[in-house]
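Visitor: Residue numbers (numbering that gives the first Met the number 0), protein chains in the order written: chain V, 0 to 313; chain G, 0 to 313; chain A, 0 to 313; chain S, 0 to 313.
Heads up, some of the hints might be wrong.
Sample of chain A residues at the chain G side, in silico, Cβ under 10 Å [said to hold, decoys possible]:
id: 1; residue: Pro-73
id: 2; residue: Val-85
id: 3; residue: Thr-101
id: 4; residue: Thr-142
DSBU-like cross-link-like pairs, simulated, lysine-lysine; straight-line CA separation at most 35 Å [claimed, not checked]:
id: 5; chain 1: S; residue 1: Lys-213; chain 2: A; residue 2: Lys-146
id: 6; chain 1: V; residue 1: Lys-99; chain 2: G; residue 2: Lys-29
id: 7; chain 1: S; residue 1: Lys-60; chain 2: S; residue 2: Lys-256
id: 8; chain 1: S; residue 1: Lys-256; chain 2: S; residue 2: Lys-174
id: 9; chain 1: A; residue 1: Lys-60; chain 2: G; residue 2: Lys-71
id: 10; chain 1: V; residue 1: Lys-151; chain 2: V; residue 2: Lys-134
id: 11; chain 1: S; residue 1: Lys-145; chain 2: S; residue 2: Lys-60
id: 12; chain 1: G; residue 1: Lys-256; chain 2: G; residue 2: Lys-151
id: 13; chain 1: G; residue 1: Lys-51; chain 2: V; residue 2: Lys-236
id: 14; chain 1: S; residue 1: Lys-145; chain 2: A; residue 2: Lys-81
id: 15; chain 1: A; residue 1: Lys-174; chain 2: S; residue 2: Lys-256
id: 16; chain 1: V; residue 1: Lys-145; chain 2: G; residue 2: Lys-134
id: 17; chain 1: S; residue 1: Lys-256; chain 2: A; residue 2: Lys-99
id: 18; chain 1: S; residue 1: Lys-81; chain 2: A; residue 2: Lys-146
id: 19; chain 1: V; residue 1: Lys-99; chain 2: G; residue 2: Lys-51
id: 20; chain 1: S; residue 1: Lys-151; chain 2: A; residue 2: Lys-71
id: 21; chain 1: S; residue 1: Lys-236; chain 2: A; residue 2: Lys-57
id: 22; chain 1: A; residue 1: Lys-60; chain 2: S; residue 2: Lys-60
id: 23; chain 1: S; residue 1: Lys-151; chain 2: A; residue 2: Lys-51
id: 24; chain 1: A; residue 1: Lys-134; chain 2: G; residue 2: Lys-146
id: 25; chain 1: G; residue 1: Lys-151; chain 2: V; residue 2: Lys-213
id: 26; chain 1: G; residue 1: Lys-256; chain 2: V; residue 2: Lys-151
id: 27; chain 1: V; residue 1: Lys-60; chain 2: V; residue 2: Lys-174
id: 28; chain 1: S; residue 1: Lys-134; chain 2: A; residue 2: Lys-151
id: 29; chain 1: G; residue 1: Lys-134; chain 2: A; residue 2: Lys-146
id: 30; chain 1: S; residue 1: Lys-145; chain 2: S; residue 2: Lys-174
id: 31; chain 1: A; residue 1: Lys-60; chain 2: S; residue 2: Lys-189
id: 32; chain 1: V; residue 1: Lys-81; chain 2: S; residue 2: Lys-146
id: 33; chain 1: S; residue 1: Lys-81; chain 2: A; residue 2: Lys-190
Far from chain G by the CB rule (all over 10 Å, computed), these chain V residues [stated by the list, open to error]:
id: 34; residue: Lys-174
id: 35; residue: Gln-197
id: 36; residue: Lys-213
The set of hints was computed from the structure by calculation and includes no laboratory data. All C-beta atoms, glycine included, are put in the ideal place defined by N, C-alpha and C.
What follows is each chain in one-letter form.
Protein chains: 4
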Amino acid sequence: MPRTASALALFASLALTQLAGPAAAQDWTKSKWGPNDEIGAANYITPELVMKAAQLVKVGKTYHLGIETNSKTPAFPPRSFKITIVQPGQAGIPGLGPNKTTYNDDIIDGWVGIGSQLDGLGHLGVEYVYYNGNKGADFADATGLKKLGIEKVPPLVARGVLLDMAAHLGTDVVKEGTAFNTKEIEDVAKKQGVEIRQGDIVLFHTGWVSLIGKDDKRYGAAEPGLGVEGAKYLAGKGVVAVGADTWGLEVLPFETKTVFEVHQILLAMNGIYILENMNTAALAADKGYEFLFVLGAPRITGAVQAIINPIAIR
Amino acid sequence: MPRTASALALFASLALTQLAGPAAAQDWTKSKWGPNDEIGAANYITPELVMKAAQLVKVGKTYHLGIETNSKTPAFPPRSFKITIVQPGQAGIPGLGPNKTTYNDDIIDGWVGIGSQLDGLGHLGVEYVYYNGNKGADFADATGLKKLGIEKVPPLVARGVLLDMAAHLGTDVVKEGTAFNTKEIEDVAKKQGVEIRQGDIVLFHTGWVSLIGKDDKRYGAAEPGLGVEGAKYLAGKGVVAVGADTWGLEVLPFETKTVFEVHQILLAMNGIYILENMNTAALAADKGYEFLFVLGAPRITGAVQAIINPIAIR
Amino acid sequence: MPRTASALALFASLALTQLAGPAAAQDWTKSKWGPNDEIGAANYITPELVMKAAQLVKVGKTYHLGIETNSKTPAFPPRSFKITIVQPGQAGIPGLGPNKTTYNDDIIDGWVGIGSQLDGLGHLGVEYVYYNGNKGADFADATGLKKLGIEKVPPLVARGVLLDMAAHLGTDVVKEGTAFNTKEIEDVAKKQGVEIRQGDIVLFHTGWVSLIGKDDKRYGAAEPGLGVEGAKYLAGKGVVAVGADTWGLEVLPFETKTVFEVHQILLAMNGIYILENMNTAALAADKGYEFLFVLGAPRITGAVQAIINPIAIR
Amino acid sequence: MPRTASALALFASLALTQLAGPAAAQDWTKSKWGPNDEIGAANYITPELVMKAAQLVKVGKTYHLGIETNSKTPAFPPRSFKITIVQPGQAGIPGLGPNKTTYNDDIIDGWVGIGSQLDGLGHLGVEYVYYNGNKGADFADATGLKKLGIEKVPPLVARGVLLDMAAHLGTDVVKEGTAFNTKEIEDVAKKQGVEIRQGDIVLFHTGWVSLIGKDDKRYGAAEPGLGVEGAKYLAGKGVVAVGADTWGLEVLPFETKTVFEVHQILLAMNGIYILENMNTAALAADKGYEFLFVLGAPRITGAVQAIINPIAIR
């Protein structure tokens, strides 16, 4: 037991380091999974955990965790999105062959960072240094990432844990600027009777995504979300990914002068994936706090992010 | 028992109708699920079937069923695909904020029909009439399908059945033009000890997709695949979707003068989804003939098809 | 002089044919310039006419005839337009080389038919038959027109004639639905003291384009413009191109039940180019009724139309 | 005559300054045309010069100075270009209206920096400082340049001067790495009997662009072109623009360790436009050393560069 105030302070900071996990202590540019690792916390997924997660399926109900993406989806400039439907080669003809086959084809043109998102480990870093010490100048080629691309992400199959922050705070839509840190996370987990374990994928329900189409301006200006301390806490738990029904997961306005520090802590420093604009309302309404989470992100070579629609099954 | 030759012929044709299912008998423009239905055979998915499928997870192994999509993926003209990586607003700066946040963003420009595909029910029809009698002129708006869009497809969670045609035919790559009809399907199912049931998703393994990067010309010129009779057979079984590790599922050269008739039978006439370029090799190597199949296609509003990465879990 | 009523009728119809030009009489699918011709009325441009046009430069004043094109330019669905500025490879660096070169690059994504336009001879036809009998199915390949592409258009250098319809009608903006036919054209030409001759490029000034940014809805819903009879009249004069400061040149609402018939008469039947959204206001203010017109449309292979900025010099 | 060594040195440096023009002496970030100027050397164009240029039209011959741009045009990664032809809304119909109007429409997707180019004054700078001291961070918005955009460029109408370097060097294609500096420029001008004057647009003919389609690799790896000293010389002459039938105008390999220094001297330091991939062969064959040069670059708001087709008339 420490005798002096300063010793006590030192002890306290060491204790905090224990709780906060690697993000505060080691050289984050060196992944615990070795210098060639590109998949980060997906390494926590094991066959045992997959089997256990499948056993969470008890009522056979499925949920889209993806929202719709289209040209009206709020997006940050200069991002935009557009789809065009065409019928190549069919102008004026009844169709191909005696069976008159006709078809519609589609062309997409848009920034990937719109709608429900998987942020890959090459998305955000610290002064151009990304997960596992990879430097942007080395891997972020204009025609596609040479490392950390979305095609590298293994199937994300895990126990999903929903933390219903809205219910906890007695509201439909949690206020912008509300930060979720250790205390909030632990309170909700306890109330809901769930633990957060290594290999989990944790999703926050805040109600925020319901603002789309009603108040796009408010939706995009700020959000409730994960705070810096909460990010370190979850990293210490060894989660695979963290998501929310918000555009950016982390609380805005930011808690301090730092900008997107939670993204840095999760993606760059801990190789933990981020899931944005998750459609958590239906799960929350069903009190589906534990479920089988399955995501196969479209394997576009060299992509930084992906437009996704993970499935929850319980 | 029929006495005469003509009676025998009549009996035989009636029997065939029974086997072949609705495709040969009713007015296909009227869906059995009613005039407003947009999801077709996905209606076969029930909570019971989902729970049973989850119980197929016995070893905890997961598989990407998606191949990579990029500018080199073989595609039919005029289709093309491109991704561009940018760093908006970071020219010449160390990063945003005191924590120097930097990030990569991506822009996609390309036809959706490249790589691993989900063909939606609005993709292909007969003389501009699509699933459930929907007319192209009514729903295929240039800015997005007004009906049958990919965003309407529910989570495709089902018992997956793999039919390893390559192993059955004693080859690594089944020859182009080899048709899979009732006899072939039943032989393989029997040999593998699996049944095909209502609500299943059936995938053929042929080895064809392994030609990508080795012989793109051969890969795209033809393929082994489902024949017209086999399509009707599977439709009669009430499957939700049929796929293969080929670019187009159905056998090419076509069996007769008709063009993409299997697509018409599955998509338009029976509301059965098609999965193309499925990465079945690993499942086949593990003899994973039954598995939990999970697909959340990215919910791009009004899309005709989707670039997908379904996950198989066993 | 004809003696009988029927002879009189015959005479009248022949007379009308003379006035109306080829559009009413011959088989329009056979160009007067032969079966292989792809440039239509540009054939009227001769060195003599070019020299005469250059001699019209008397005060040395130049004019942009192009308006700006951007994402806010009114356009007909599904058309859209977007430009993105990027700084490839410069994230975090002071520049390339000891002299620290840095640069901006741009990417365009959009429909060509937005802003100031040159309609090529492959743009519009009659039941999929285009200029000189070319069938869409033969030349309109999805990756670019195989004939009649914009890259085939020779330099359009000619005597430009401005007809100030707005001044003639005593208004700033001519009302939508106002048709310019032979009488109107001849009255204005006479008042302005200009002739319309073979090889000319004729532009109408109506004031309509000034509605952009003020009343986009009105701007796009209709317009004053060339009528069917007026189109035949100008075709009979042997003009190279006709344009206006409107989005579509021809009067809307249409004069009859026909749809874009003026486009058919000019482009398909006579190989006469159409110029849309011409910025004629400054020329009109200066009473620049005759000028040297110069257009080099960007030579994008296989393009149907081009975004242009012709220059008037007087 | 200077008496001392230091005086001699001072004299020599002043003399060099005279020869080299402003680029070596003043603060280049302050344009001679004032702090708000965005058009640089286009300010040299006057009505008198326009009239004189028009008088150069003596035989009535016109020339495309633009080459074709398409998906096969050599381009530097990640640049790419694509056009798609569509027939919106016409699947299965004979056409619109009783007159059966049908039409082709086109969509462009591509980097602007491909094919014949106008480099605007916002294209290249020194450590993110561009023409007239404009800082990239201030004006280079991702949705379009806020200053120095192509839409600001006035009609470029001037006396064009062709310097046939290939003929001068007795070759069809001038070798890569051959630098054109003051001596070379003056020798050719003298041999051809032309002067270079303020307000001119100077084009070099080297034969290099004829390599496209024959040896794309060689074409893109290097080029003959303007050297640093030559650039300063031309700047001192007060030219409006300099171009060549090469992809980058300046000599490659570079003369020293500096990278694209000629671009910096012309664009950033002197507001002189650069024209790339000019199709000079026909003019050279006709010995068209003086001509009327006319360029209306498509006025895409905020563009950095433009795909162009200037017209030469003589």
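Visitor: Each hint should be assessed against the structure and marked as holding or not.
Guide: So, going through the hints one by one against the coordinates:
1. Pro-73: violated (16 Å)
2. Val-85: holds (5 Å)
3. Thr-101: holds (7 Å)
4. Thr-142: holds (4 Å)
5. S/Lys-213 to A/Lys-146: Status holds; Cα separation ~23 Å.
6. V/Lys-99 to G/Lys-29: Holds, because 19 Å separates the two Cα atoms, which is no more than 35 Å.
7. S/Lys-60 to S/Lys-256: violated (43 Å)
8. S/Lys-256 to S/Lys-174: Holds, at about 20 Å.
9. A/Lys-60 to G/Lys-71: Outside the cut-off at roughly 51 Å; violated.
10. V/Lys-151 to V/Lys-134: Holds - the C-alpha atoms of V/Lys-134 and V/Lys-151 are around 17 Å apart, at most 35 Å.
11. S/Lys-145 to S/Lys-60: Violated, at roughly 39 Å.
12. G/Lys-256 to G/Lys-151: Holds, at roughly 33 Å.
13. G/Lys-51 to V/Lys-236: holds (32 Å)
14. S/Lys-145 to A/Lys-81: holds (15 Å)
15. A/Lys-174 to S/Lys-256: The hint is violated at about 63 Å.
16. V/Lys-145 to G/Lys-134: violated (44 Å)
17. S/Lys-256 to A/Lys-99: This hinted pair holds, its Cα atoms lying about 11 Å apart.
18. S/Lys-81 to A/Lys-146: holds (17 Å)
19. V/Lys-99 to G/Lys-51: violated (40 Å)
20. S/Lys-151 to A/Lys-71: Answer holds: S/Lys-151 to A/Lys-71 is near 17 Å, not above 35 Å.
21. S/Lys-236 to A/Lys-57: Holds, because 27 Å separates the two Cα atoms, which is no more than 35 Å.
22. A/Lys-60 to S/Lys-60: Holds, because 22 Å separates the two Cα atoms, which is no more than 35 Å.
23. S/Lys-151 to A/Lys-51: holds (30 Å)
24. A/Lys-134 to G/Lys-146: Holds, at about 32 Å.
25. G/Lys-151 to V/Lys-213: holds (22 Å)
26. G/Lys-256 to V/Lys-151: Violated, at about 42 Å.
27. V/Lys-60 to V/Lys-174: OK: V/Lys-60 and V/Lys-174 at ~30 Å, within 35 Å.
28. S/Lys-134 to A/Lys-151: Status violated; Cα separation ~40 Å.
29. G/Lys-134 to A/Lys-146: holds (32 Å)
30. S/Lys-145 to S/Lys-174: Since the Cα atoms of S/Lys-145 and S/Lys-174 sit roughly 39 Å apart, the hinted pair is violated (cutoff 35 Å).
31. A/Lys-60 to S/Lys-189: Cα-Cα ~31 Å, so holds.
32. V/Lys-81 to S/Lys-146: holds (27 Å)
33. S/Lys-81 to A/Lys-190: violated (47 Å)
34. Lys-174: holds (23 Å)
35. Gln-197: About 15 Å separates V/Gln-197 from the closest Cβ of chain G, which puts it past 10 Å; holds.
36. Lys-213: holds (17 Å)
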